[in-house]
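**Q** What follows is the residue order along each chain.
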Amino acid sequence: MGLPYALIAVILLILISWTGVQGLGLTSLFGIVIPYLAAILFFTGFIHRLIKWSTAPNPFRIPTTGGQQKSLGWIQHSWMDNPFTTFQAILRISSEIFLFRSLFRNLSLRPQTDLQPVSYASAKWLWLFAIAFHYALLTTLFRHLHFFTNPVPAPVRLVQNLDGWFEIGIPQVMMSGLLLLAAVTLLFARRIFIPKLRYISLLNDYFPLFLIMAIATTGVLMRYVDGIDTTSVKELAMGFITFRPSVPDGIGVLFFIHFFLVCSLAAYFPFSKLMHAAGLFFSPTRNLTNNNRASFHRNPWNKPADYHKYADWENQFREKMVEAGIPLDEDPASPKDKE
Amino acid sequence: MAGKLPSPEEIAAIDYNLPETRWMDTPAALREGVFCHAARGRDIEAVHMPNPRDWRVEDDDWKLPENWKEIILKGLKERIERFRSLQLFMDICVRCGACADKCHFFIGSGDPKNMPVLRAELLRSVYRNNFTLAGKLMGKMVGARDLTEQVLKEWWSYFFQCTECRRCSLFCPYGIDTAEITILGRELLNLLGLNIDWIAAAVAKCHRIGNHIGMEPQTFKESIDFLCDDLEEITGIKIEPSINRKGAEILFVTSSGDFYADPGIFTCMGYLMLFHEMDLDYTWSSYAAEGGNFGFFTSHDVAELLNAKIYAEAERLGVKYIIGGECGHMWRVFHQYMGTMNGPPDFLETPVSPVTGTRFEYAASTGAVHICEFTADLINHGKLTLDPSRNDHRRVTFHDSCNVARGMGMLEEPRYLLHHACNNFFEMPEETIREQTFCCGSGAGLHAGENMELRMRGGFARASAVKHVQKKHAVNTLACICAIDRAALPPLMEYWVPEIEVTGVHELLGNALVMKGEIPRTLDLRGEELPSGPNNKG
Numbered sequence: 000m001g002l003p004y005a006l007i008a009v010i011l012l013i014l015i016s017w018t019g020v021q022g023l024g025l026t027s028l029f030g031i032v033i034p035y036l037a038a039i040l041f042f043t044g045f046i047h048r049l050i051k052w053s054t055a056p057n058p059f060r061i062p063t064t065g066g067q068q069k070s071l072g073w074i075q076h077s078w079m080d081n082p083f084t085t086f087q088a089i090l091r092i093s094s095e096i097f098l099f100r101s102l103f104r105n106l107s108l109r110p111q112t113d114l115q116p117v118s119y120a121s122a123k124w125l126w127l128f129a130i131a132f133h134y135a136l137l138t139t140l141f142r143h144l145h146f147f148t149n150p151v152p153a154p155v156r157l158v159q160n161l162d163g164w165f166e167i168g169i170p171q172v173m174m175s176g177l178l179l180l181a182a183v184t185l186l187f188a189r190r191i192f193i194p195k196l197r198y199i200s201l202l203n204d205y206f207p208l209f210l211i212m213a214i215a216t217t218g219v220l221m222r223y224v225d226g227i228d229t230t231s232v233k234e235l236a237m238g239f240i241t242f243r244p245s246v247p248d249g250i251g252v253l254f255f256i257h258f259f260l261v262c263s264l265a266a267y268f269p270f271s272k273l274m275h276a277a278g279l280f281f282s283p284t285r286n287l288t289n290n291n292r293a294s295f296h297r298n299p300w301n302k303p304a305d306y307h308k309y310a311d312w313e314n315q316f317r318e319k320m321v322e323a324g325i326p327l328d329e330d331p332a333s334p335k336d337k338e
Numbered sequence: 000m001a002g003k004l005p006s007p008e009e010i011a012a013i014d015y016n017l018p019e020t021r022w023m024d025t026p027a028a029l030r031e032g033v034f035c036h037a038a039r040g041r042d043i044e045a046v047h048m049p050n051p052r053d054w055r056v057e058d059d060d061w062k063l064p065e066n067w068k069e070i071i072l073k074g075l076k077e078r079i080e081r082f083r084s085l086q087l088f089m090d091i092c093v094r095c096g097a098c099a100d101k102c103h104f105f106i107g108s109g110d111p112k113n114m115p116v117l118r119a120e121l122l123r124s125v126y127r128n129n130f131t132l133a134g135k136l137m138g139k140m141v142g143a144r145d146l147t148e149q150v151l152k153e154w155w156s157y158f159f160q161c162t163e164c165r166r167c168s169l170f171c172p173y174g175i176d177t178a179e180i181t182i183l184g185r186e187l188l189n190l191l192g193l194n195i196d197w198i199a200a201a202v203a204k205c206h207r208i209g210n211h212i213g214m215e216p217q218t219f220k221e222s223i224d225f226l227c228d229d230l231e232e233i234t235g236i237k238i239e240p241s242i243n244r245k246g247a248e249i250l251f252v253t254s255s256g257d258f259y260a261d262p263g264i265f266t267c268m269g270y271l272m273l274f275h276e277m278d279l280d281y282t283w284s285s286y287a288a289e290g291g292n293f294g295f296f297t298s299h300d301v302a303e304l305l306n307a308k309i310y311a312e313a314e315r316l317g318v319k320y321i322i323g324g325e326c327g328h329m330w331r332v333f334h335q336y337m338g339t340m341n342g343p344p345d346f347l348e349t350p351v352s353p354v355t356g357t358r359f360e361y362a363a364s365t366g367a368v369h370i371c372e373f374t375a376d377l378i379n380h381g382k383l384t385l386d387p388s389r390n391d392h393r394r395v396t397f398h399d400s401c402n403v404a405r406g407m408g409m410l411e412e413p414r415y416l417l418h419h420a421c422n423n424f425f426e427m428p429e430e431t432i433r434e435q436t437f438c439c440g441s442g443a444g445l446h447a448g449e450n451m452e453l454r455m456r457g458g459f460a461r462a463s464a465v466k467h468v469q470k471k472h473a474v475n476t477l478a479c480i481c482a483i484d485r486a487a488l489p490p491l492m493e494y495w496v497p498e499i500e501v502t503g504v505h506e507l508l509g510n511a512l513v514m515k516g517e518i519p520r521t522l523d524l525r526g527e528e529l530p531s532g533p534n535n536k537g
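Chains A and B, in that order, are what the protein sequence lines are. FYI, in numbering that gives the first Met the number 0 the residues of the first sequence are 0 to 338. FYI, in numbering that gives the first Met the number 0 the residues of the second sequence are 0 to 537.
Be a bit skeptical, because a hint or two may be false.
Said to hold, decoys possible - Straight-line C-alpha distance at most 25 angstroms; calculated SDA-like pairs for lysine to any residue:
id	chain 1	residue 1	chain 2	residue 2
1	A	Lys51	B	Thr355
2	A	Lys51	B	Ile70
3	B	Lys135	A	Arg189
4	B	Lys112	B	Glu31
5	A	Lys302	B	Phe346
6	B	Lys135	A	Gly24
7	B	Lys245	B	Thr355
8	A	Lys272	B	Leu72
9	B	Lys245	A	Val321
10	A	Lys272	B	Gly138
11	B	Lys382	B	Thr357
12	B	Lys135	A	Leu264
13	B	Lys76	A	Phe280
14	B	Lys3	B	Val56
15	B	Lys73	B	Arg30
16	B	Lys204	A	Tyr309
17	A	Lys272	A	Leu137
18	A	Lys195	B	Lys245
19	B	Lys245	A	Gln315
20	A	Lys272	A	Asn301
21	B	Lys73	B	Asp14
22	B	Lys76	A	Ile50
23	A	Lys302	B	Lys112
24	B	Lys152	B	Arg21
25	B	Lys237	A	Lys51
26	A	Lys123	A	Ile50
27	B	Lys245	A	Ala310
28	A	Lys319	B	Leu132
29	B	Lys135	A	Ala120
30	A	Lys308	B	Thr357
31	A	Lys195	B	Arg30
32	B	Lys135	B	Val56
33	B	Lys471	A	Phe187
34	B	Lys112	A	Leu264
35	A	Lys51	B	Lys245
36	B	Lys76	A	Lys195
In short, the hints are calculated from the structure, not lab data.
Full structure from sequences and hints, please.
**A** Structure follows, in structure tokens:
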């Protein structure tokens with residue numbers, strides 16, 4: 000339902016930056032002021048959220064166990080899906096972060112058959128889209144470090160070269176950018192073509208997809224169509240991170256649009272579902288060990304329970320227990336018997 | 000009730016088409032056969048919970064306190080600060096939809112609000128509205144909405160259509176656990192005295208009397224004695240268990256379903272035989288007789304309140320450790336909560352099997368061992384003589400209980416027991432067992448009578464998998480290690496897959512157990528003729 004609003008919002012962002020730079024010539028606003036504001040919002044928002052999460056305790060140790068517990072020595076323990084030690088838990092959460100392990104389990108409900116009315120088929124495509132999207136995004140971001148570093152570190156150059164190994168013509172084709180665009184489009188497509196997903200999707204879901212689509216598109220346009228003065232952009236970027244900001248001449252409006260959209264994404268990030276990126280690290284069903292019976296887990300706000308005490312309970316049933324021959328704490332002839 | 004229950008054909012024709020209206024604009028239909036009756040005032044009062052009164056779900060007026068909205072919002076804020084899980088799960092869902100078709104209630108009902116993602120959105124929308132900037136500024140556009148009585152009723156409806164089975168949380172890429180949402184959602188509802196009768200009544204009885212059916216100590220003893228009489232008839236051996244005996248080495252706690260209702264009692268007979276055969280120095284307790292923690296379906300505080308009695312009793316009796324019987328959510332609480340809530344129990348020792356000498360190091364802190372672990376260790380050391388042919392009339396499959404599977408991970412132990420106790424064992428399809436197991440549809444307090452349609456819908460996925468092995472392998476027995484399963488699966492099977500019997504694992508073990516000095520066995524624990532096997536021709 001939020002789809003049209005999300006689309007309008009992204010178009011507005013494009014129009015704002017286009018008019019701002021092309022029409023009003025506000026290059027300093029869009030090249031310096033807004034980027035710094037976005038950076039401030041991003042970092043403070045991000046840290047604020049991390050503090051909020053980390054100050055809320057995990058009162059109980061509640062991992063979702065996805066395999067055999069560690070119990071008797073002769074039973075094979077599934078340490079990755081049911082971690083007993085911190086090290087195993089780190090491996091588990093790492094497998095989630097780097098490999099999207101839980102998503103890899105994905106199944107989809109199969110139409111009913113006579114033999115078995117409910118069954119599942121493997122559905123790894125969501126995992127595939129997601130992992131393609133995230134790694135493409137990571138590679139693209141990492142490549143962009145060459146704008147912010149001088150000299151460009153070897154790993155960045157290496158990634159750039161690997162990313163562009165598929166050389167067809169000039170300029171060099173960067174796979175990550177195109178893959179990013181393709182993956183984000185697929186993620187969007189599943190949201191609108193699968194009825195269940197369309198039903199649950201919000202503005203909050205469409206907006207970042209459109210934003211990333213627009214960022215990737217403007218990036219691709221700069222690289223392959225419109226061309227860009229990378230030297231000037233690098234000058235701007237270096238000025239930005241060394242806190243000696245300047246806007247060199249000769250940077251096209253397309254860059255300012257691209258940059259403004261990135262700023263919007265950064266500013267939006269900490270206040271949105273995009274925080275799942277950091278949130279995953281905190282997820283108690285994934286990052287906690289399943290050794291509850293072996294070692295004590297403290298709940299900081301726990302208070303002792305005012306439970307129904309045995310003595311009171313015994314008084315409640317004394318005569319019946321005597322008759323049934325159930326042992327008592329208090330001698331039946333004791334004074335309390337009168338109650 | 001039975002009259003109102005639609006036929007299996009009617010229920011199986013599940014409509015997965017989505018409503019025309021957006022979910023926020025589609026009010027929750029409180030439908031007979033789906034909702035449970037409201038809790039009674041006296042049961043709420045028994046555990047000193049707020050706003051005790053009698054009310055009816057069908058009525059428009061739920062007799063809420065004047066400032067109900069304030070109470071809920073304050074309660075939500077407190078819980079966000081107290082539970083990292085809640086805060087995180089409110090913040091990070093991306094609505095990828097991976098959970099949607101994993102929920103047995105969605106599969107069985109087609110109701111989109113039974114998709115775990117929407118169940119959470121019911122609460123998340125209110126969280127956004129009151130605790131996030133975007134929600135405050137942009138409202139409905141970003142999925143935020145005001146907390147109204149309509150919303151509250153929707154919560155009530157859908158937090159009592161979730162069995163806290165955690166199947167969705169296994170598939171969620173961020174591990175968002177709907178059980179946490181439901182547990183805390185119900186906790187909020189309980190701030191207004193909104194519980195269901197089946198849970199609240201059980202809570203009150205567990206608290207005051209010691210088990211969920213309110214069986215008094217003398218009746219408790221009679222029940223156990225009655226089972227022992229039956230056992231004497233079947234095995235010729237007189238078993239004399241002790242109750243509330245000080246100085247025993249082990250306190251045995253199981254769910255009360257095991258000592259009063261068919262077919263749980265047959266499992267209980269299995270325990271009694273095993274303990275007798277191993278000459279275990281153990282005791283029952285009629286004060287802390289209930290392992291199943293109905294408080295867990297109400298709030299964390301009430302869970303702690305009921306659970307506290309078990310450690311208190313272990314300390315009073317001076318036992319060294321606790322063995323727990325076959326029960327699902329009881330073991331989620333024993334395993335993931337008991338130590339934290341009421342421990343550490345310094346008066347207990349690291350459990351050591353008196354028969355094999357095995358030290359259960361992994362239970363060193365809570366001092367609680369699952370009976371399946373204990374028995375698996377016995378078999379592994381060759382301490383039990385078992386004749387699996389006595390179960391040859393049974394073709395067995397195994398239903399993993401959700402809580403034991405996904406809140407503990409005890410998957411192999413019961414299978415090891417089954418492999419030794421019977422000759423014909425068949426697994427259901429891979430995506431319906433072990434960590435991917437389907438719920439019975441009646442867990443987390445939903446095992447009431449008035450919501451039979453909901454229970455049959457919820458158990459549809461499980462029943463389907465049973466039907467599969469019934470057709471493929473002529474399976475006739477569904478084994479499980481949960482008291483709610485033993486109560487809920489028989490009607491479920493009768494409805495969807497007739498001619499499947501439900502047993503506990505220790506019932507089958509009891510059938511197979513060759514006891515010292517037993518008479519030639521002709522009957523199984525249900526008093527039915529045994530198939531003729533090598534050791535029981537007599």
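**Q** Straight-line Cα separation of B:Lys3 and B:Val56 no greater than 25 angstroms?
**A** Holds, at roughly 18 angstroms.
**Q** Are B:Lys112 and A:Leu264 close enough, with their CA atoms no more than 25 angstroms apart?
**A** 31 angstroms, violated
**Q** Given the hinted pair A:Lys123 and A:Ile50, is their alpha-carbon gap at most 25 angstroms?
**A** 35 angstroms, violated
**Q** Run the distance test for B:Lys135 versus A:Leu264: straight-line Cα separation, threshold 25 angstroms.
**A** Within the cut-off at roughly 20 angstroms; holds.
**Q** Between B:Lys76 and A:Ile50, is the straight-line Cα distance small enough, at 25 angstroms or below?
**A** 16 angstroms, holds
**Q** Need the status of pair A:Lys308, B:Thr357: alpha-carbon distance at most 25 angstroms?
**A** At roughly 34 angstroms apart (the allowed maximum being 25 angstroms), B:Thr357 and A:Lys308 break the hint.
**Q** Quick one, are B:Lys135 and A:Ala120 close enough, alpha carbons at most 25 angstroms?
**A** Roughly 41 angstroms separates the two Cα atoms, so the pair is violated.
**Q** B:Lys73 and B:Asp14: Cα distance at most 25 angstroms?
**A** This hinted pair is violated, its Cα atoms lying about 38 angstroms apart.
**Q** Verify the proposed pairing of B:Lys245 with A:Val321, using a straight-line Cα cut of 25 angstroms.
**A** 16 angstroms, holds
**Q** Going straight from one Cα to the other, do B:Lys245 and B:Thr355 come out at no more than 25 angstroms?
**A** 24 angstroms, holds
**Q** For the pair we were handed, A:Lys272 and B:Leu72, check the Cα-Cα distance against 25 angstroms.
**A** 22 angstroms, holds
**Q** Does the structure keep A:Lys195 and B:Arg30 at a Cα separation of 25 angstroms or less?
**A** 23 angstroms, holds
Comparing the model with each earlier hint shows violations of hints 1, 3, 6, 15, 18, 20, 21, 23, 25, 26, 28, 29, 30, 32, 33, 34, 35, 36; every other hint is respected.
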